[in-house]
Each structure stands twice: as C-alpha cells, then as structure tokens.
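There are 2 protein chains.
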Amino acid sequence: MTDKNYDVERLNRTQEMINRMDPVDIADKLEILPEKDVAIWIKLLKKDLLADAFTELKPENKARIVNILSEEKIKDLVRDLDEDELVDTLQELPANITKKLMTFHIDKDRRKVVNELLGYPKESVGSIMTVNFLSVKENISPKQALEKIMESDLDAEKLEQIWLTNNSLVLMGFVYIADLIRYQDKSLKDLANSINATVNPNDDQEVVAKLSYKYDLGEVPVVDSENRLIGIVPAEDVIDVAHEEFQEDMSNITGISDNSDSYLVESSFKIAKTRTTWLIICLLTATMTGFIIHRYENLLASAVALTAYIPMLMDSGGNAGSQASTTVITSLYRGDIGFKDFFKVIMKEASIGLITGVILVIINFIRLMILDQAQIGVNLTVSITLLLTIIFSKVMGGVLPLIADKFNIDPTVMAGPLITTIVDTLVLLIYFEVASLLLGL
Amino acid sequence: MTDKNYDVERLNRTQEMINRMDPVDIADKLEILPEKDVAIWIKLLKKDLLADAFTELKPENKARIVNILSEEKIKDLVRDLDEDELVDTLQELPANITKKLMTFHIDKDRRKVVNELLGYPKESVGSIMTVNFLSVKENISPKQALEKIMESDLDAEKLEQIWLTNNSLVLMGFVYIADLIRYQDKSLKDLANSINATVNPNDDQEVVAKLSYKYDLGEVPVVDSENRLIGIVPAEDVIDVAHEEFQEDMSNITGISDNSDSYLVESSFKIAKTRTTWLIICLLTATMTGFIIHRYENLLASAVALTAYIPMLMDSGGNAGSQASTTVITSLYRGDIGFKDFFKVIMKEASIGLITGVILVIINFIRLMILDQAQIGVNLTVSITLLLTIIFSKVMGGVLPLIADKFNIDPTVMAGPLITTIVDTLVLLIYFEVASLLLGL
Chain A
55 MTDKNYDVER
65 LNRTQEMINR
75 MDPVDIADKL
85 EILPEKDVAI
95 WIKLLKKDLL
105 ADAFTELKPE
115 NKARIVNILS
125 EEKIKDLVRD
135 LDEDELVDTL
145 QELPANITKK
155 LMTFHIDKDR
165 RKVVNELLGY
175 PKESVGSIMT
185 VNFLSVKENI
195 SPKQALEKIM
205 ESDLDAEKLE
215 QIWLTNNSLV
225 LMGFVYIADL
235 IRYQDKSLKD
245 LANSINATVN
255 PNDDQEVVAK
265 LSYKYDLGEV
275 PVVDSENRLI
285 GIVPAEDVID
295 VAHEEFQEDM
305 SNITGISDNS
315 DSYLVESSFK
325 IAKTRTTWLI
335 ICLLTATMTG
345 FIIHRYENLL
355 ASAVALTAYI
365 PMLMDSGGNA
375 GSQASTTVIT
385 SLYRGDIGFK
395 DFFKVIMKEA
405 SIGLITGVIL
415 VIINFIRLMI
425 LDQAQIGVNL
435 TVSITLLLTI
445 IFSKVMGGVL
455 PLIADKFNID
465 PTVMAGPLIT
475 TIVDTLVLLI
485 YFEVASLLLG
495 L
Chain B
55 MTDKNYDVER
65 LNRTQEMINR
75 MDPVDIADKL
85 EILPEKDVAI
95 WIKLLKKDLL
105 ADAFTELKPE
115 NKARIVNILS
125 EEKIKDLVRD
135 LDEDELVDTL
145 QELPANITKK
155 LMTFHIDKDR
165 RKVVNELLGY
175 PKESVGSIMT
185 VNFLSVKENI
195 SPKQALEKIM
205 ESDLDAEKLE
215 QIWLTNNSLV
225 LMGFVYIADL
235 IRYQDKSLKD
245 LANSINATVN
255 PNDDQEVVAK
265 LSYKYDLGEV
275 PVVDSENRLI
285 GIVPAEDVID
295 VAHEEFQEDM
305 SNITGISDNS
315 DSYLVESSFK
325 IAKTRTTWLI
335 ICLLTATMTG
345 FIIHRYENLL
355 ASAVALTAYI
365 PMLMDSGGNA
375 GSQASTTVIT
385 SLYRGDIGFK
395 DFFKVIMKEA
405 SIGLITGVIL
415 VIINFIRLMI
425 LDQAQIGVNL
435 TVSITLLLTI
445 IFSKVMGGVL
455 PLIADKFNID
465 PTVMAGPLIT
475 TIVDTLVLLI
485 YFEVASLLLG
495 L
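Quick note, the sequences are listed as chains A and B, same order.
Just so you know, we're using our numbering here: the first sequence kicks off at 55 and counts up by one.
Just so you know, we're using our numbering here: the second sequence kicks off at 55 and counts up by one.
Chain A on its own, in the form it takes in the complex:
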C-alpha cells in the first residue's frame, strides 16, 4: 500500500463494501478496473469471495488475474474453487498456466477428479455437473446424517438435499435437510424422496434442461451405468444451460456463432466473420431461384405483371414454413411427438395448410381484384400458387425437423436456410408452371 491516496480508514471502508458485494458484481468491476485497483481489490477480498468472483470472469481476465496473484494466493484460489469450476478455468487459461496449476497447485486426489471431468465432451452433462454433493448410506439414522452434515466442508448451498445410496453405492433417493431436523425419530427411508429422473454424464446438457423443465427438479442427479451417483446439476445451473440452448437455437436459425464477448466491445471484423459464412451459403443457394427465373425469362417478359407477386409468394411460403417448424420443434422438445408421428404430422400440416391457405387466397384474390385490378388470369395463377405454397411449406416445415431429430441433428438447424431454399425453389417452379398453363404462355 505505498499509494498515499489509500489511507487506512478508506481501505477499511472499501474492504467492508466489496466484501458485501455479489461475486457477479465484483467480477463485473474487476473486468473494468485499472490494474492498480485490481491488485488492491484482490488483497482486500475474502478468499472464498475472490474464488467465487474469479469463476465469473471472462477467460482473458482470468489469465490476467492469475498472473497478478502470488503463489500463495493461487494456492488459496485453487483450493476454494469447486472441481467443476476448476475444470472450466483450466479449459479457459493458456496452456502454460494450466500446466503450472496442474503440476504445482492441484493436489493428487483432486487431480484425478479434474482429469476425469476434463474428459467429458463439451456441452455434455459431465462437463457441467458438480461433484460436490453429500451422499450417505440409507440405513443410517437421521441423527447420523446430521452429523455427516456437521462434518462436511461443502458450501452450504450444496447441502440443501443429501443423497441416499445402498451398500453398493446405488442411488436410492434423497432427503431434504429440513426433514432430518424435523423427523429425527423416523428412518431415512421414511423421509426419502424417490428419484424419478436421472441423467448420464455423456448425455447432452439439453437433456438436463428438458428433465428439469418437466419434473421441476431442484437438483438433477447424474449417475453412471451402474446407477451410482457421480454428480449433480442444480437448478440454478440448469437456467444457464437453458439460456445457452436458447442462444444456440437462435444461432442455428440466423447463423450467428455465439460470441462470448460483449457485442459493443467485440471488433466489427470478428462479428462480421461469424456472420458472413451463413450469408454466403444463403447467397449461393439463391443461385437456385435465380436459375429458375432465368429459365422462365421469356414467360416473364410476356407477363411482367407476374413479377410483382414473387416477393409476396416467397415471403408467405417462408413464414408458413417457419410457423410449422417452430411448432414441431417445440413439440419435439417437450417430447410430445417423435419420428414415429411422421405421417400424422404430414396430415396435420396439410390440413392446417389447406385451411390457412384458403383463407389467404380469398383475401388475396379480393386484394388483387380491387387494389391491383389484376387480370383474372394473373389473379388465378397467383391464387393457385399461393394455396399450394402454403400447404407445401407447412408440410416441409413440419417434416424437416422430424427428419433432423431422427438423425440426431439439432432440429433448429432446419428452421434456417434449408427450409427457405427448398420452399423458395418450389414456389417459383409452381408459380411459373401454373402461369404457363393458365395464361397459355
């Protein structure tokens, strides 16, 4: 503390203030404070709070902080991080720091756990679960269980419920701590809540989100193939997963790879890079539509009025298709339908398309008659195409996500450009073929 601006009283006030802050807010501050202040904050923060704030930092700032910390502080930090947080950190830090931490600061027992966790694929349950939970044999008494809690050095928030196993460590149920306190004369088996949903460490993290949503679980247990408890995913972490999955779905639809960095801070070049690939794909698939229009150029030349309705037809098809795909994707997510309902979905969407299409055609026919005073031939061409477009787009929109799901592709991928390209292409083909027929061109 050589800086004379920081007299003792002021330091004390700062210390009190920052040690009352939420780790998330502390992290936000650490990201933007000048180097000098960061060093002071680190000195003033309680060990566990520093660890909590540290886990909330962006990767580049984690590296920065580790470089500021003394060897001793690093040891404290590593000790205060839960195994899953440690794993996240190791994956984000540069290789040289990771190596140093693994070799010098993580003791042998933990290194084993950490290495196991590091082995799970990205976005798997194993990569997000925590291994910090308390499990006890189901044949001990509530009093003995309470003693285990007293001995436990887990964070209190990890001790909201304790897990029961049989002698072979197979997961049998869980007990809320409050019940241990209230019913000390009962047996753990009496107090046990049954396990109605478990996940596997190799499952996609989306499975946890779905189960929590369906069963309103406070904590989802992760078990191995022998049904032994190896980790848990608490509801507050499921919220993060749900958010990530939402982002991923949005990205699949609009083709933006999710950027961890803040939008205004990230360089325009970097953002442009993540967006361009998608736009190029769309551009190239548009070759299809261009090609079709070229082929029918003579037809168009003799009935230029037809051109005016191309955007309307294509937009209607696109919208109708994405409505169907959204509904089907949502139902897939809820587990309401599956590939086995393939033909039911086709029939459903075809009938919805027919109803919707007829209504749209009527409105459009009147619009063209009154507003555009269109030729009856043109009007009929547009009407027939519109009807077929809606039916066709609905069916495609309904069926493509089912097919994707069947082949273990994220169905939202289908909601993007593939549907647009297929629908656009077919709309134009129908349009021009109907026009040739009706207008005799």
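Just so you know, not all the hints are guaranteed correct.
No copy is singled out in the list; a pair is fine if it fits within one copy or between any two copies.
As the list claims (entries may be wrong) - Derived DSSO-like pairs: lysine-lysine, alpha-carbon spacing no greater than 30 Å straight-line: (1) LYS197 <-> LYS243; (2) LYS176 <-> LYS268; (3) LYS327 <-> LYS243; (4) LYS112 <-> LYS268; (5) LYS324 <-> LYS127; (6) LYS398 <-> LYS129; (7) LYS324 <-> LYS398; (8) LYS243 <-> LYS101; (9) LYS116 <-> LYS129; (10) LYS460 <-> LYS101.
No lab work stands behind these hints, which were simulated from the structure alone.
Keep in mind it's a predicted model, so treat the numbers as computed, not measured.
We have chain A already, so just place chain B on it with the hints.
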C-alpha cells in the same frame, strides 16, 4: 370397490406402485386413463401426492377431477395445495367451481392471500411467486431458528434456506439450513448471505429469469416497496419461466400464439386460426413490394434479367437483418446494451455491414460473371444494391429492437415481419433506382 377385477392384493400392489411415482407422471397417466380407473387412482393416492399431481393437470382435466372428488376429498386437496397452486387452479377452473371452492373450501385466512395473488397481472412476478417461505428475525440464535424449522409445516423443499428480517420486517439476508446445523454457536448475522437481487411482484416474470441467470440464484426474493419479503421464486420455477419466455420469443418471431394443448391433439382449425392472423399481416404488407414492382414494370420489361436477382437480394437483406436483431436482442437481454447505445449500435452494424457486404459482393460478382454470364451493367446494379442492402438491413435489424425496448415493447416482436417489410421495400426501391441510373432505363 365393487369391480371384482380388483382383488385386494392387486389393489395393494397398484397402490404401492402409484404412490412411488412422480406427480408429473401420475398427472400424465390421469390425463389418459378411463374414468373408472381415475376414480380408483384418486382413492389410492396419498393426499399430498394427489395434490401435487393435480397441479400438473391440464385445466379441463382439473375440472373433471374436481367433479369426481367427494366434498371431503376436495377439502383435503385444497388444504394440500400451496397458495400459488390454488390461485393457478382457481384461474383455470370454470366459474361455478371456483365460486364453490372460494366459498366453502378455502378458509378465511387463506382467502385473503389467495385474493391478493389473484390481483397480480398475468405473467407478473406476483402471479408466479410462492408465499410459502420461512422468515425469522435476524437477532434470534441459530438454535431458535432451528426450532422454527421444527415447528414449520412447510414442505421440506421450501425450507432449503430461511430468510432474515429486521424488526420492521425488512429483508436483511438469508441463511442456508446446513449452516444453522454446522455453526450453532455463531449469530445469524454471521451466517447470513447478503441479498444482491430482489424483484417486485408487479415486475414482468422475465425479470426473474434475467436475475437468476445473471446471479445463479437458488431462490429469488420478491419484496414490496418497503423492502419487506412477500414471496419467493425458486430456481426450478424460473426454468419454467425461461421456457415460457423462449416460447413467447419464438412466437413473436413466427406469429404462433402458444397453444397449451398438445400439437397432435389440438384441432387443425384451432391451430390454423392462431397462425392465420400473422400470415394475413405478412400478405398485406407484401402489398408494398407488389406496388413498387408495379411502378417499375416498364423498367423490368426492358431488362427482364433483373428479375432473377430479386429473391436473392430480398433473402440476403432478410437474413442480414435478423442476424443483427438476434445479436442486439441477446445483448439487451443480458443488459449489455440499452437505448443509450443507439448511435454506437448504428455505427457498429454499419461497419459490420460494410465488411460483410464487400465480401458478399465480391463472391456474388464472380458468380454472376461466370455462372450467369450476366451483362456488366446488370452485374454492377446487383452488386451495388447488395452492398447497400446488407448495410441497411444490419442497421435496421440493430436499431429496431432498441426502439421497441425503449417503448417497453418486447424486442422480439420486431424480429418478425416489421423488419422483413421494411427491408424488402427498401431493397426493391434501391434496386430499381440503381438500375435506372446504371442501365439508363
């Protein structure tokens, strides 16, 4: 039990089996079982399990079950429902049943709470919070707090943390039960965790989802204007909210009002109804594009080749715009940006648009030259329009959600047809004006 198919042993087995099931699964079964079996299940189910399963039923089945239940069973059911579950139920049942329940089955104390909860607007925090929590004065000892827990008749899952207030009932912090057990010699203030985020009962439920996401909260406290605790929202309920909000966002983008009923069960007419409004709006806004093309019909007649590129230009504009709006909506959600960044967003999107646009133009220019062997004039027209389209769409896509948010409109509403219409219209205007200039038509 007059049905002789149900001998005692079989009944016992069934009873044991169903009383071990998860309420969610029981509800799923009750929805599809024949009337006779439903009556048997209700008889066999434990009271609290019946109540839990009941809350998971669809509205129409809740009414059905209430009509089967004896007066006494209804009393039990009402007693076993938490206030917030009771409120949901009352809102879903037909008016005559609601009135009967309110008058005969809900006692006076609860009626007051229920009436208050009924007063909160749909999708507000008040409408989803639970009023079942335990709060104690912060100056009592951990031992006294443990006694309060022993006396409490709350479900154990509502007792994972207890809340601390001062003498004026102002919320001061919370304590995990595990810490009460482990540190009985400390004071509650020592054990207290500070409150870093609270919500108001009149806030939109989305606020809870955002806070939980940011701060990883196990339970979000709901306070009144004087900072007194009036309810909590547990993380497992936040997952439901996050899911609902996701659905809502998807619906805003594709124009499907969310149907509570299962997709394959719902009638096609009903689904068509929810989808048609949107498609009609899109159809009518397409009048704009049709109108523009009409105006430039002569120009098109003398250069039909131009038509071939209209779909590509409109699709590129639409995609570029929705990429920008998705990014901005996500950043708004995270609280990274706000209306104050209006001009920053414009500059950002303009520069991203310029970079992306130039790349696309180069690729497209080569494509047109080689594949289509397009006239140089047409190629230049398309290129200039494409560049302007991308820049313009990015800026509009970035700015519209900001404006919506400023006026408290859900920004995802903007990601839908408004952006498409504006972009489509302007793309065509640019295209034809550039064409007139360059091709001298």
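Evaluation of the provided hints:
1. Proximity of LYS197 to LYS243 under the C-alpha cut-off of 30 Å is found in both arrangements, the shortest distances being 13 Å within a copy and 26 Å between copies.
2. When the C-alpha separation of LYS176 and LYS268 is checked against a cutoff of 30 Å, the pair qualifies both within a copy, at 24 Å, and between copies, at 22 Å.
3. For the identical chains of this complex, LYS327 and LYS243 are neighbours neither inside a copy (57 Å) nor across copies (52 Å), given an alpha-carbon limit of 30 Å.
4. Taking the shortest alpha-carbon separations for LYS112 and LYS268, only the inter-copy value of 14 Å comes in at or below 30 Å, while the best intra-copy value is 32 Å.
5. With identical chains, the CA atoms of LYS324 and LYS127 are never at most 30 Å apart, being 35 Å at best within one copy and 63 Å at best between copies.
6. In this homomeric assembly, LYS398 and LYS129 never come within 30 Å of each other (Cα to Cα): the closest approach is 60 Å inside a single copy and 42 Å across copies.
7. When the C-alpha separation of LYS324 and LYS398 is checked against a cutoff of 30 Å, the pair qualifies only between copies, where the shortest distance is 17 Å, while the shortest distance within a copy is 44 Å.
8. With identical chains, the CA atoms of LYS243 and LYS101 are at most 30 Å apart between copies only, with a shortest distance of 19 Å across copies and 39 Å within one.
9. For the identical chains of this complex, LYS116 and LYS129 are intra-copy neighbours only, at 15 Å inside a copy versus 57 Å across copies, given an alpha-carbon limit of 30 Å.
10. Taking the shortest Cα distances, LYS460 and LYS101 never come within 30 Å of each other, neither inside one copy (49 Å) nor across copies (41 Å).
Hint violations for this structure: numbers 3, 5, 6, 10, all remaining hints satisfied.
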